[in-house]
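Given the structure of chain A, go ahead and fit chains B, C and D onto it with the hints provided.
Protein chains: 4
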Amino acid sequence: MTLQARVFFALGSRLPCGLAPRRFFSYGTKIYSTNTEALQSKFFPPLQKAMHHLIVTQCVIASRKMDVLKATAEQISSQTGNKVHAIQCDVRDPDMVQNTVSELIKVAGHPNIVINNAAGNFISPTERLSPNAWKTITDIVLNGTAFVTLEIGKQLIKAQKGMFICFSRIYLTLMCARFCAKSLAAEWGKYGMRFNVIQPGPIKTKGAFSRLDPTGTFEKEMIDRIPCGRLGTIEELANLAAFLCSDYASWINGAVSIVYFSSLFFSGEDVRNIAKS
Amino acid sequence: MTLQARVFFALGSRLPCGLAPRRFFSYGTKIYSTNTEALQSKFFPPLQKAMHHLIVTQCVIASRKMDVLKATAEQISSQTGNKVHAIQCDVRDPDMVQNTVSELIKVAGHPNIVINNAAGNFISPTERLSPNAWKTITDIVLNGTAFVTLEIGKQLIKAQKGMFICFSRIYLTLMCARFCAKSLAAEWGKYGMRFNVIQPGPIKTKGAFSRLDPTGTFEKEMIDRIPCGRLGTIEELANLAAFLCSDYASWINGAVSIVYFSSLFFSGEDVRNIAKS
Amino acid sequence: MTLQARVFFALGSRLPCGLAPRRFFSYGTKIYSTNTEALQSKFFPPLQKAMHHLIVTQCVIASRKMDVLKATAEQISSQTGNKVHAIQCDVRDPDMVQNTVSELIKVAGHPNIVINNAAGNFISPTERLSPNAWKTITDIVLNGTAFVTLEIGKQLIKAQKGMFICFSRIYLTLMCARFCAKSLAAEWGKYGMRFNVIQPGPIKTKGAFSRLDPTGTFEKEMIDRIPCGRLGTIEELANLAAFLCSDYASWINGAVSIVYFSSLFFSGEDVRNIAKS
Amino acid sequence: MTLQARVFFALGSRLPCGLAPRRFFSYGTKIYSTNTEALQSKFFPPLQKAMHHLIVTQCVIASRKMDVLKATAEQISSQTGNKVHAIQCDVRDPDMVQNTVSELIKVAGHPNIVINNAAGNFISPTERLSPNAWKTITDIVLNGTAFVTLEIGKQLIKAQKGMFICFSRIYLTLMCARFCAKSLAAEWGKYGMRFNVIQPGPIKTKGAFSRLDPTGTFEKEMIDRIPCGRLGTIEELANLAAFLCSDYASWINGAVSIVYFSSLFFSGEDVRNIAKS
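Chains as they are written, first to last, in our numbering: chain A, 4 to 280; chain B, 4 to 280; chain C, 4 to 280; chain D, 4 to 280.
Don't take every hint at face value.
Put simply, identical chains are the same to the list, so a pair is met inside one copy or across any two.
As the list claims (entries may be wrong) - Taking lysine to any residue pairs in the SDA-like style, the calculated list, with each CA pair at most 20 angstroms apart, reads:
#: 1; residue 1: 73; residue 2: 224
#: 2; residue 1: 193; residue 2: 223
#: 3; residue 1: 164; residue 2: 61
#: 4; residue 1: 138; residue 2: 93
#: 5; residue 1: 138; residue 2: 102
#: 6; residue 1: 193; residue 2: 227
#: 7; residue 1: 161; residue 2: 129
#: 8; residue 1: 193; residue 2: 132
#: 9; residue 1: 164; residue 2: 110
#: 10; residue 1: 157; residue 2: 129
#: 11; residue 1: 138; residue 2: 99
#: 12; residue 1: 86; residue 2: 136
#: 13; residue 1: 68; residue 2: 139
#: 14; residue 1: 157; residue 2: 105
Hints in this document: simulated from the structure, not taken from any laboratory.
The shape of chain A in the complex, shown without the other chains (with noise of 0.2 angstroms):
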């Protein structure tokens, strides 16, 4: 897969514990199946070679808390040999989202791929939810992603190129960045950006779900609605992010990947359960 990426900007404020960077470049030699063993054998070697050389030179992260952003910059620049910036920013603020796009094009140029991954998560009954706890997620989630596409998307008009892709796991900050995915390719096409979404479905990470479910019920009832029959791994998100930003799909622009089967429809679901029956 062809990167061609120079500079590679990624802004999330869970980078660790989420879909971090670095995964992002080790998708090749990470198992990406679950039958890994009859798989590795079979795999082609100039392809798995290949892999490790499709690489981003310069990676440039920012997040809001300094020494989580170091300890990953760190730990990308072991795995990759690639020099990383780590710029501070909360994206709540708009003033500090220019003052990081000035200083990512000071370091490192007009950024070739921008990834959003800035999340707030609440799993909570509504009628608990504050007004406080509602503001604090519309101002990361939505502001915050649109602060910083708003300030880069300015930028890279002039520089006649880049490629967006936001990752959107929750209810709301999906339908936010359909609503940008397909304005912006709509109106920012023209000037050679592309801008897509990924709708990732659920994930297996560590911590995740034995915070929010530890009874491990919910995750029984999301297993059995996916198709495949398990969770997804940070790998294999990190394959459809490279995908879309190759030059293999320089012509998918405003699309929105939804990864996981989500029941469109109150039929295959039900099928599926008269099948087991």
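Positioned in the frame of chain A, the structure of chains B, C and D alone reads:
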């Protein structure tokens, strides 16, 4: 990209002028972007080489017209060095479909990848459409696709594997393809099968538009609505199909990939029009 | 509500046990809420009276089985005092459809309202579905609906009017109904015709569930996913149909009314499960 | 139509020029079709009379500008003979929202119907949008709607009733409204509450288009895409809202009514263009 396929079965009444399997294997050397020269030089050689080797060892193609099938089979063989079997099959006839699948398995074993590309186009004011014209389309597009998928599916349940791609260009078939992908992913996912749909958007093929749209007005309007500002190419579809069939997409099941930005909301487009003025 | 209809044409192979036209006229006096007693007392008398008078002056019904048709016709007549014509018609036969439409116009004039309720159900693991079973369903549901709509549509183009409602309960037909409603609204809207689809969700009818779901497990699961916490009633569908056919909805064209909350996102439902615990 | 409402609470920053509650009560006597004369004569008198009596006994309206609110309150009172309370409220301020809801319940009791019509429009190329402009919109449209819905919802959980209608005209708000309707219907349906969304499509209002579209080009293009061949009217929206709030729609919960045919597929429209030629 790892196709990992031992046997590849492609079905389509319009193989030579549509998405022919030969393209499927040769995308690595073909133009895959608007800006060819620039990209070729940057193209990473090991990957380019790998692409040539990602080869299905056996290919079986089926369609209604034997002469067209034979010409296509020879073309694929000469380009890839692979054996290609051609089986005559009218997908509207369940018995013929059953025989085709038997022969397929006899000559090449259970297929790893099944491509459904059966198509029947009509662009006609509905009031001029006869019951017979309507019936021919549903017989090919709906019943044909269902017969092939059910018959191969039943065989692959025993083999516990299989990847189906369905190309759906027109409205009615797309709806059915979505239904099938979601239902079958939910039902047969447990057997290790995957079902994905590609909704291509307008693709540049020889003849297609000159026949349906002699003045080019329709094409101009379409291009106006595509964020990338141009029609897609067959290679771009092949890229996406290759990705979806590969192990990199092993968790993507029941998905509909809308390659083309189809203005889900009247918004995107309108904003674009206003942005122009 | 003003139906304003002079002639009403209803088509459905399962009129008596499904959404029969007789229900269509009597919704005003039927239970239309879970909390009947409370509502009846509050019910505004002039409106209640008006409902009884909103009467189609002539009703033509068509279906395959003559004995069932006759019984239904008598039932409607006795309840409404209106004339009801019954015409035997197998919608799979284009010639029979043409004759039915001719007779309809001869006995009653051009219809103001056309209800498509042709249905063929299958709840079966796909792997046990035979090509013939599949073909019977598409013949009734797709081809039948298309033949009737095309034939009446051609006649109504001359009359410059007409309102079509299509009930679509199962997945494949729904997809087709959506396609038809949108395409035909776009094409024939200029002739003053309207095309709307109702996707009912699970409705309580005698026999339906006892046959398909003897243990009631499926019904319980469905109810769990319906925000109102209960199955719908035939009268509730009739209410919506009456609204969509009335002049109050004169601008609603090409719409799909999803009566039932079908959990478009895995969110809603999951949140609900969590809210329970 | 039975609104059955004792208290009606309408919220909207642009009540007078947008969908004002006064229209909500008077739709029965207003033009509700393109062909007025013909219809009036056919209009069934008892129903017409009933419509005038379907009256909310108390109406509370809230918005940011007190002078506009007062003028609207007087207009509604003079047309309906009902008491109208006006409460000044900036929906961006959670404390002000809490006070408004307290006052609403104090003066009129728990509302039966809640109309969310808060809006903030922008039609601007995205590259010219400032962070502040973006934030103002999300503050009004997202946070404001959320604050009001959460606050009233918490009160209505105790009252075990309530019907919410959300009008969403622009893209981002529509996405959020969909999310809210589906999530809250799933969560709060058990308390007897219903949440539905109306996506109106282009409606003819004084001033709106003359300001945003002085040359009328945009309006012409929109009309071209509407099956009925004309813009909608405020009364038509009121009709749909009245239906959804009535007991006739007691099972419709979590639904999104797309009044306007928004060409989900590029099909409908294209077919139409071809049909023209």
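So, going through the hints one by one against the coordinates:
no.	hint	result
1	73 - 224	neither (37 angstroms within a copy, 48 angstroms between copies)
2	193 - 223	between (45 angstroms within a copy, 15 angstroms between copies)
3	164 - 61	within (17 angstroms within a copy, 40 angstroms between copies)
4	138 - 93	both (15 angstroms within a copy, 15 angstroms between copies)
5	138 - 102	between (24 angstroms within a copy, 19 angstroms between copies)
6	193 - 227	between (43 angstroms within a copy, 10 angstroms between copies)
7	161 - 129	between (43 angstroms within a copy, 15 angstroms between copies)
8	193 - 132	between (42 angstroms within a copy, 18 angstroms between copies)
9	164 - 110	within (18 angstroms within a copy, 49 angstroms between copies)
10	157 - 129	between (37 angstroms within a copy, 9 angstroms between copies)
11	138 - 99	both (19 angstroms within a copy, 15 angstroms between copies)
12	86 - 136	neither (37 angstroms within a copy, 36 angstroms between copies)
13	68 - 139	within (16 angstroms within a copy, 27 angstroms between copies)
14	157 - 105	within (12 angstroms within a copy, 45 angstroms between copies)
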